[in-house]
Amino acid sequence: MTTTPDQTHGEQVLAQATEALRLHTPSGWQVFRVNLLETVRRAYRPSAPIRGRHEQGEFVVSCDVLTADVREAVDRLPQAEVTAVRCVTDEDDHLELLTVETGVRYGAHVPTTAEEVRTAVVATVRELLGEVEGVRVHVHVGDVFQEGPPRTLG
Amino acid sequence: MDAERAEVPDDVLARRAGLGDRDAFALIVDRHGPALLRYAGNLLHRSDQVEDCVQDAFLAAWRGLPTFRGDSSLRTWLFTLARHAAFARLRRWPNAGSRPFIPVEEVQDRLRDLREDPERSSVESALREALELALQLLPPRQRTAWLLREVEGLSYEEVASVLGTTSTAVRGLLERSRTTLATTLEEWR
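From first to last, the protein sequence lines stand for chains V and Z. The opening residue of the first sequence carries number -3 in the numbering used here; numbering runs sequentially from there. The opening residue of the second sequence carries number 135 in the numbering used here; numbering runs sequentially from there.
Think of the hints as simulated: they come from the structure by calculation, not from any bench. Yeah, the Cβ is synthetic: ideal placement off N, Cα and C, and Gly gets one too. A portion of the hints provided could be inaccurate.
Claimed, not checked - Just so you have them, the derived chain V footprint on chain Z, three or more residues with Cβ under 8 angstroms:
id, segment
1, 166 to 174
2, 304 to 318
Unchecked claim - So, partial list: chain V residues that the calculated Cβ filter (under 10 angstroms) puts toward chain Z:
id, residue
3, Leu10
4, Pro22
5, Ala39
6, Glu68
7, Asp71
8, Arg101
9, His105
10, Thr108
Put together the whole structure using the sequences plus the hints.
Here is the structure:
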């Protein structure tokens, strides 16, 4: 909204006031932001349970946790990034299939990169769930990217 | 690093946040939070309601991002969540609905006081406050359409998506809101 000579006085005032409002950052934003991020950090995100195993028995983690760990593991690889993670469990919440959809950097050798992703994902599953058996890991390369986003946003 | 962070597109941030990346979500909050707070602030006015509304919108976003398909832009989706949260609060108020919250005469009186206030800090802040007063004369849907189009720069189609209506209806809402605001501010000097 800009001012023009054929505008009424009210329209010109409105245009100037709109510009002032557009540039205004609401007061209290910085304090609110900190509280908001803390609230989100504690927020529960609905997610399917997955059963893990250690020496003393079984335990349950959420698919959301596994997804985040898989993303972090693949983020360490320079040639790949995760675009989606899907978990399939049986009726007792044991992980049966983990599908990791990835993009690979342009020019990277796809089979080699996919194998690196698979190795990283399998290690992550073992680290998080223990020595679970019968888990299939599928790596699906569905995208090629030229220049990836920063690996670490923090 | 800040420049790199600023260049990360919204769809990448949405995808990463959906995969549990809280740093990506914090970047979404930094990028869109002030606009959502400004929108909610001009719709609800009570500071506790405003912050609760924006918090609800971002919590809904955090929970919804794993299934966010990107049918609309991230920004449009966030404004839609905020609009739902704000309108839900408006419905709880006895004088909500399609009518403005305060009488025209009251707004005119307050505008006169503001105009004659020798303590006002600057022309820009006085103009902004005058506009914020005048906005109270608009019903919530008109106000939403005007704020999203004129202040936040959404397209007609994006505003229609946020309001769950058509672009033609948005043009009508904007026409009426501009007329009301310009008329209200006509005596401002």
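Each hint tested on the structure:
1. Only residues whose beta carbon comes within less than 8 angstroms of a beta carbon in chain V count, and the segment 166 to 174 of chain Z has 4; three or more means the coverage holds.
2. Only residues whose beta carbon comes within less than 8 angstroms of a beta carbon in chain V count, and the segment 304 to 318 of chain Z has 5; three or more means the coverage holds.
3. Here the hint on V/Leu10 is kept, as its CB sits about 5 angstroms from the closest CB of chain Z, short of 10 angstroms.
4. Taking 10 angstroms as the C-beta contact cut-off toward chain Z, the hint placing V/Pro22 at the interface holds, the least distance being around 4 angstroms.
5. For V/Ala39, the shortest C-beta to C-beta distance to chain Z is roughly 6 angstroms, which falls under 10 angstroms, so the interface hint holds.
6. The closest approach between the C-beta of V/Glu68 and any C-beta of chain Z is roughly 8 angstroms, which is under the 10 angstroms cut-off, so the hint is satisfied.
7. Given the 10 angstroms rule on beta carbons, the hint for V/Asp71 holds: about 9 angstroms separates it from the nearest Cβ of chain Z.
8. The restraint placing V/Arg101 at the interface with chain Z is violated, with a minimum CB-CB distance near 14 angstroms, outside the 10 angstroms limit.
9. Below 10 angstroms, beta-carbon pairs count as interface contacts, and V/His105 has none with chain Z, the closest being about 24 angstroms; its hint is therefore violated.
10. This hint is violated: V/Thr108 has a C-beta 23 angstroms from the nearest C-beta of chain Z, more than the 10 angstroms allowed.
Consistency with the previously given hints fails for numbers 8, 9, 10, ordered from lowest to highest.
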